[in-house]
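One-letter residues, chain by chain:
There are 2 protein chains.
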Amino acid sequence: MYNTEIINNLKYRLQDILTDKKVETDVDILDKYSCDETSDLRFMPDLLVRAESVEDVRNTLKICNELNVSVTPRGAGTGVTGGSVPVSGGVILSTEKMNRILEIDRDNMIAVVEPGVITFDLQQKALHEGLMYPPDPASLETCSIGGNVAENAGGPKAVKYGITKDYILGLEIVLADGTVVNTGGRTVKNVTGYNLTGIILGSEGTLAVITKIYLRLIPSPAASRDILIPFNSIERAVEAVTSILKHRIIPATIEFMEKDAIDLVSKHMDGTIPYADAGAHLLIQVDGQSDDEVYSLINRISVAVDIVQEKILVADSISQSNRIWKARRSIREAIVKTSPIFLAEDCVVPRAVIHFFLKSLKEFFILKGLYSVMFGHAGDGNVHIDVLKKDMEYSEWKKLLPDLKKQIYRRAIDLGGTITGEHGVGYLRKDYLTMALSAEEIALQQRIKKAFDPKSILNPGKIFPFSSEA
Amino acid sequence: MYNTEIINNLKYRLQDILTDKKVETDVDILDKYSCDETSDLRFMPDLLVRAESVEDVRNTLKICNELNVSVTPRGAGTGVTGGSVPVSGGVILSTEKMNRILEIDRDNMIAVVEPGVITFDLQQKALHEGLMYPPDPASLETCSIGGNVAENAGGPKAVKYGITKDYILGLEIVLADGTVVNTGGRTVKNVTGYNLTGIILGSEGTLAVITKIYLRLIPSPAASRDILIPFNSIERAVEAVTSILKHRIIPATIEFMEKDAIDLVSKHMDGTIPYADAGAHLLIQVDGQSDDEVYSLINRISVAVDIVQEKILVADSISQSNRIWKARRSIREAIVKTSPIFLAEDCVVPRAVIHFFLKSLKEFFILKGLYSVMFGHAGDGNVHIDVLKKDMEYSEWKKLLPDLKKQIYRRAIDLGGTITGEHGVGYLRKDYLTMALSAEEIALQQRIKKAFDPKSILNPGKIFPFSSEA
Numbered sequence: 140m141y142n143t144e145i146i147n148n149l150k151y152r153l154q155d156i157l158t159d160k161k162v163e164t165d166v167d168i169l170d171k172y173s174c175d176e177t178s179d180l181r182f183m184p185d186l187l188v189r190a191e192s193v194e195d196v197r198n199t200l201k202i203c204n205e206l207n208v209s210v211t212p213r214g215a216g217t218g219v220t221g222g223s224v225p226v227s228g229g230v231i232l233s234t235e236k237m238n239r240i241l242e243i244d245r246d247n248m249i250a251v252v253e254p255g256v257i258t259f260d261l262q263q264k265a266l267h268e269g270l271m272y273p274p275d276p277a278s279l280e281t282c283s284i285g286g287n288v289a290e291n292a293g294g295p296k297a298v299k300y301g302i303t304k305d306y307i308l309g310l311e312i313v314l315a316d317g318t319v320v321n322t323g324g325r326t327v328k329n330v331t332g333y334n335l336t337g338i339i340l341g342s343e344g345t346l347a348v349i350t351k352i353y354l355r356l357i358p359s360p361a362a363s364r365d366i367l368i369p370f371n372s373i374e375r376a377v378e379a380v381t382s383i384l385k386h387r388i389i390p391a392t393i394e395f396m397e398k399d400a401i402d403l404v405s406k407h408m409d410g411t412i413p414y415a416d417a418g419a420h421l422l423i424q425v426d427g428q429s430d431d432e433v434y435s436l437i438n439r440i441s442v443a444v445d446i447v448q449e450k451i452l453v454a455d456s457i458s459q460s461n462r463i464w465k466a467r468r469s470i471r472e473a474i475v476k477t478s479p480i481f482l483a484e485d486c487v488v489p490r491a492v493i494h495f496f497l498k499s500l501k502e503f504f505i506l507k508g509l510y511s512v513m514f515g516h517a518g519d520g521n522v523h524i525d526v527l528k529k530d531m532e533y534s535e536w537k538k539l540l541p542d543l544k545k546q547i548y549r550r551a552i553d554l555g556g557t558i559t560g561e562h563g564v565g566y567l568r569k570d571y572l573t574m575a576l577s578a579e580e581i582a583l584q585q586r587i588k589k590a591f592d593p594k595s596i597l598n599p600g601k602i603f604p605f606s607s608e609a
Numbered sequence: 140m141y142n143t144e145i146i147n148n149l150k151y152r153l154q155d156i157l158t159d160k161k162v163e164t165d166v167d168i169l170d171k172y173s174c175d176e177t178s179d180l181r182f183m184p185d186l187l188v189r190a191e192s193v194e195d196v197r198n199t200l201k202i203c204n205e206l207n208v209s210v211t212p213r214g215a216g217t218g219v220t221g222g223s224v225p226v227s228g229g230v231i232l233s234t235e236k237m238n239r240i241l242e243i244d245r246d247n248m249i250a251v252v253e254p255g256v257i258t259f260d261l262q263q264k265a266l267h268e269g270l271m272y273p274p275d276p277a278s279l280e281t282c283s284i285g286g287n288v289a290e291n292a293g294g295p296k297a298v299k300y301g302i303t304k305d306y307i308l309g310l311e312i313v314l315a316d317g318t319v320v321n322t323g324g325r326t327v328k329n330v331t332g333y334n335l336t337g338i339i340l341g342s343e344g345t346l347a348v349i350t351k352i353y354l355r356l357i358p359s360p361a362a363s364r365d366i367l368i369p370f371n372s373i374e375r376a377v378e379a380v381t382s383i384l385k386h387r388i389i390p391a392t393i394e395f396m397e398k399d400a401i402d403l404v405s406k407h408m409d410g411t412i413p414y415a416d417a418g419a420h421l422l423i424q425v426d427g428q429s430d431d432e433v434y435s436l437i438n439r440i441s442v443a444v445d446i447v448q449e450k451i452l453v454a455d456s457i458s459q460s461n462r463i464w465k466a467r468r469s470i471r472e473a474i475v476k477t478s479p480i481f482l483a484e485d486c487v488v489p490r491a492v493i494h495f496f497l498k499s500l501k502e503f504f505i506l507k508g509l510y511s512v513m514f515g516h517a518g519d520g521n522v523h524i525d526v527l528k529k530d531m532e533y534s535e536w537k538k539l540l541p542d543l544k545k546q547i548y549r550r551a552i553d554l555g556g557t558i559t560g561e562h563g564v565g566y567l568r569k570d571y572l573t574m575a576l577s578a579e580e581i582a583l584q585q586r587i588k589k590a591f592d593p594k595s596i597l598n599p600g601k602i603f604p605f606s607s608e609a
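Quick note, the sequences are listed as chains A and B, same order. First residue of the first sequence: 140, per my numbering; consecutive thereafter. First residue of the second sequence: 140, per my numbering; consecutive thereafter.
Just so you know, not all the hints are guaranteed correct.
It does not matter which identical chain is used: a pair holds within one copy or between any two.
Pairs of lysine to aspartate or glutamate residues, derived as EDC-like cross-links and limited to a Cα-Cα distance of at most 16 Å, are as follows [unchecked claim]:
1. K385 x D244
2. K501 x D159
3. K351 x E191
4. K398 x E374
5. K385 x E163
6. K545 x D570
7. K398 x E194
8. K529 x D399
9. K171 x D305
10. K385 x D246
11. K569 x D542
12. K385 x E268
13. K507 x E378
14. K160 x D542
15. K537 x D570
16. K544 x E235
Keep in mind that the hints were calculated from the coordinates and are not lab data. Please read these numbers as outputs of a predicted model, since none were measured by experiment.
Produce the complete structure using the sequences and hints provided.
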């Protein structure tokens, strides 16, 4: 997208200040940074910078801003909406090498980390101190905490513990022109000036590059237990969720799988999935400070779902817990195996109407002859809707997608929900933002974008349906 | 501050569109809107608008923006930093009449309310449905939820339940030019575009006027119990807090009072305060879903604080709970009675260093011959520091204040904290913002201000040490 002269000039200037080893131009390596985990999306960057410090980030941004070259920040590249894909070429600015856990302060229950830390590593290190960092996106073991902040990542544990934004106390960020800004700090309460941490959360790398993160930790639960409950139908499963919460029980997770998801995984797992013939599954984890507390919760859940309950499988060993979770965790694998190209949506609706949403979608998909699989977070209304291309012609599939997305988003919005609960808008959904937000709302967001990045060099082509120069 | 011609023109235009009864010009009534609960601060508005709908807010802002007249939004006027005091005159825009609870959705555990709803009323209505809205600022029974959002209000329950921002899912706001904007919505997860809800939280009426609020509720605890623990010193009390949390116990509140606070309240309450001779008190509330759970927590707290504990008073009736809380709740009353003019600061520091902060301050105050009282939220590091004028000459007091504030803020910042934990910057602290934030950080915040309110008509003279035109 940029001419050779600009890129060469940029390369020399970056190499000069960052040293050669941090500035990558090898095409084979650049190719690895041309995509994230989004199905069927690839754009080549012109250069890759692997920053090792805030100074590296600062220098890279300063030079790129001066030369008007776009910068796409990248954590671990596990996003699924093209957020870290360089759709306008330019520089990929990776924070993967900034991966130190700088501090775990046990007394104040705070962690200070660099953005490239793998979320799972932070969790393990915290656990070692008796502490917990709860947010648990599916990509936990490979995603980075910086990416989690940029996407305001969710996960199954949102029902009890909330999402990324509930744990971020402060940030060090670098603006497009290289200015280093600190937001928030080491305390839970802080109302000194605007809540800039709040606006960075979920801004998908379009406002600033995150270089340091202050996180709140909580005491880890001493006991937990997983249970699987089969239901005849998704309606019954959703009713059970409402009933559990009405009984003042908040499990750590309440995941669901509808019939087609169960069937697909059952096939994939050669029939070893429990209750393979059920119409829906709820996969519930309860936790607490003692086994007694956990068992009392399980008993109370049994009472709460009694009217619809047929069986409950309570895992009483780690291997049984793994067996219970394996089905839920294998869904994507089963989908990719069945159809490498698929549409993955993650709409959110108020929790008590999930079944209306699913039924309406399923009817529509069947009418169109499409095969779909739905699963996700029943506790917070966040539904994963995967539609599989299977053996449809690629051109026909591509032609179908815009209307397919619109039909899905329209139903979510009509039920009081929105188009994305945890994956973000990124590149994939930007043309549909107008379905969820008014022109005035988008204009306000673009004015905020300008306040951070007046030349629009940071992650262009994401979130907004039209250029922020508009 | 405005000439009569402008104000008359404004008055006629507002009366014309809003009807006379919503536009107030009576000086005696305006006088009541010239202050909030800040000690020693008063500025007269030129006009008062009592909005009854989003349309009223929209029309008021549109006209004021056109005529360049400043608008100070006001909830219940219970702030303590002059946030709702019209320091540049102009219009006070009160949302006190927009006080309807529009919806409590029990199944989805969501409330939809207008900004003028009194926080306590919302809590009671939620409780009636078995649900809880946890944030509990001291002014709970008189403050409004709109003001809580504007200030991102805290309270004792922050240690377990978090603060206002942790419960706000979405907002309807009106920008300075009258544009209505919706942020977030009815779901816990929502990453569709920027987190505008996040930036409005704590923006102190400088970015937009809040006209509707979507809140997350949680199941209410079925049981709770209050306990009072006396300590020889504040160090021992802070050590006990660290120990409790390290034992994986998170009480609903952990409040503290240091010796001078205990002494003052003891005098005020004629010696009826328990453990009046202690060096410090911790006032702890534990809650849970059963009496058993609550008693088990109390037992675990006893174990956790064993090494320093002398006595524990466990309230076993509501009247005893009230007795325990009365001392903590009477502090301000005792202060005002002793000295109607006083400095009230609410710095925040990492929880484990509260005692360093207090000791350093106390030494400084004593050196200066000042009488101070300190108390607050030991669970989250938010310390209330009240310095009493007593019989000092008013002019001497006024001369003393700037250095006094600087000395307090400097110590909080040096310990890794900040200048305000829950009260906000408002008018009182704006000249000290540069102690906590860099020039670049303030400039960024002012660019954000401009994105919302290009003519700077909304609550001018607040937060920023210099005009946002700078």
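Inset, instruction - Report the numbers of all earlier hints that the structure fails to satisfy, in ascending order. - result: Per hint list: 2, 5, 7, 9, 13, 14 and 16 violated.
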